[in-house]
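Asker: The lines below spell out each chain.
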Amino acid sequence: MPNSRLSRDGREDARLVRECRDGDERAFEALVVKYQDQVFGVAYRMVSDREEALDVAQETFIKAFQGLGSYDVRLPFRAWLLRIGTNSSIDHLRRRNRSREVRSNGQLISGEWVAGPANTALPFDPPGPETDIPENISLSKETADVVHDALDELPEKYKAVMVLHHMEGLSYSQIGQVMGVPRNTAKTWGHRARGLLCEALEGVM
Amino acid sequence: MQGEHLENRDCARAAEAIEDLGDGHVGRVRRRLLRRHVKECQECESYLNRMSAVVEALASVQAVSAGDDFARLVMDRLLISLADAVIEQVEEHRSRRNLLWVAAAGLGVAMAVGLAIVRWVLGREGHEKLVIARPA
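Protein chains in written order, with the working numbering: chain A, 1 to 205; chain B, 1001 to 1136.
If we strip away everything but chain A, and leave its shape as in the complex, we get:
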C-alpha cells in the first residue's frame, strides 16, 4: 500500500516497522509503548487475570517481533498486532482449565475493572453503541455481574468480538481484519454473542 494512502498513524507505524526490520530496537520499543495498553487490554479482558494477561501481552510482542519479516504492510499494523494478541489470548484460554474466581467484592484483582464511567473516546472512530435505556432500567451490580460471568462462558471467538467491539471500540470491519474473517462474519458472531448474553439475563430482568 503506497504510503500516501495511509493515515498519519499508519505512516508512522510503517516507518517504525521499516526501522525495526533494519535492526533498530528502539523503533520496536516505540511500537511496544504505543500499543501496550491496547494489547494488554484485550488480553486482560479475555483471560481475566492480570499476571496471565501480562504474560500473554509480552508473548504477543515477542511473536510480533519474530514475525516482522512476514508482516504484510497492506494490513494496518494495529490490526495485525491485535490479531496476534487475540489469537494468543484464545490459545491461552484453551490451554487453561478455567474455574477461577474472577471477582472479589465486585472488583477484579488489581485490574481496575469496576463498574464505572464508560471508556473515553479512542483515536479511531469507535462504533459507540447507543442504547435507548428505558427510564426504569439502571444497571445494578447483580446485572453487571451476570453479564460478566456470561461473557467468561462464551466461546472464545464470540468473547473476542465482544471485547474488541464493546471494550476496545473496534468496528466490525476492523474486527474482521483482526480475526481474519469477513466483516459480516464478525458481525454475526457479535450478534450471536450478545444474544447469548441477553439469554443469561432472562430471569434476572
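Possibly wrong hints are sitting among the right ones.
Stretches of chain A that chain B covers, calculated by requiring three or more beta carbons in the stretch to come under 8 Å of a beta carbon on chain B [what the hints assert, rightly or not]:
id: 1; region: 35-46
id: 2; region: 59-65
id: 3; region: 145-155
id: 4; region: 189-198
The calculated label-pair distances, taken between Cβ atoms and stated as ranges, are [what the hints assert, rightly or not]:
id: 5; chain 1: A; residue 1: Arg-94; chain 2: B; residue 2: Gln-1062; range: 26 to 36 Å
id: 6; chain 1: B; residue 1: Val-1102; chain 2: A; residue 2: Arg-11; range: 47 to 57 Å
id: 7; chain 1: A; residue 1: Asp-9; chain 2: B; residue 2: Val-1102; range: 49 to 59 Å
Bear in mind the hints are in silico, worked out from the structure with no lab data behind them.
In this text the structure is predicted, and so the values were computed from the model without any measurement.
Using N, Cα and C, we set each Cβ at its ideal position, and we do this for glycine too.
Given chain A, work out where chain B should sit, using these hints.
Answerer: Below, chain B without anything else, positioned relative to chain A:
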C-alpha cells in the same frame, strides 16, 4: 427471543432493530417504530431492556494499563529470546561438527579394520601357498 414470538412480523422487525441498536446503528425512524412497538409488546420490551443492560455492562469497564515497566519487560524478554536463539544455533553447529568428527573417526576405524582383515586374508593365503610350495 422465542421463535414463535418472532413469527409476528412486527416483533421480528423489532428484534432486528434491537440487535442493531446493540451496534449503535438504528436510524431515527426505526427507533421511533421500535419505541412504539415495545409499548405494546411486553416480550420485545423485555428483550430491549436486556440488550440495553448487556451493552451498558460491556461498555462500563474502565481502561486498563499495562504498567510503566511493561516495555522494559518486553525488551528484556526479547533480548533473552534472541540470546537463547544464538546459543541454540551455536549448540546445533557444535553438535553437527561433533557428528562429523564421529563419522570421520568411524570411517577411519572401519577402514583400519578392513585393511587388517585384508592383510590377514592375504597373509593366510600366502602362508598356504608357501606350505604347498615347500618341498617335503
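Asker: Each hint needs a verdict: does it hold in this structure or not?
Answerer: We went through each hint and held it up to the structure:
Evaluation of the coverage hint for the region 35-46 of chain A: fulfilled, as 7 residues show C-beta separations to chain B shorter than 8 Å, against a requirement of three. Taking a C-beta to C-beta cut-off of 8 Å, the region 59-65 of chain A contributes 3 residues in contact with chain B, enough for the three needed, and the coverage statement holds. A count of 3 residues in the region 145-155 of chain A with a Cβ less than 8 Å from any Cβ of chain B is obtained; the coverage claim is therefore met, three being the minimum. Coverage of the region 189-198 of chain A by chain B holds. Counting CB-CB distances below 8 Å, 6 residues qualify, and the rule asks for three or more.
Separation of Arg-94 (chain A) from Gln-1062 (chain B) is about 27 Å and conforms to the stated range, judged on CB atoms against 26 to 36 Å. Range check, Val-1102 (chain B) to Arg-11 (chain A): Cβ separation about 55 Å, and the 47 to 57 Å hint holds. A hinted range of 49 to 59 Å holds for the C-beta pair Asp-9 (chain A) and Val-1102 (chain B), which are about 56 Å apart.
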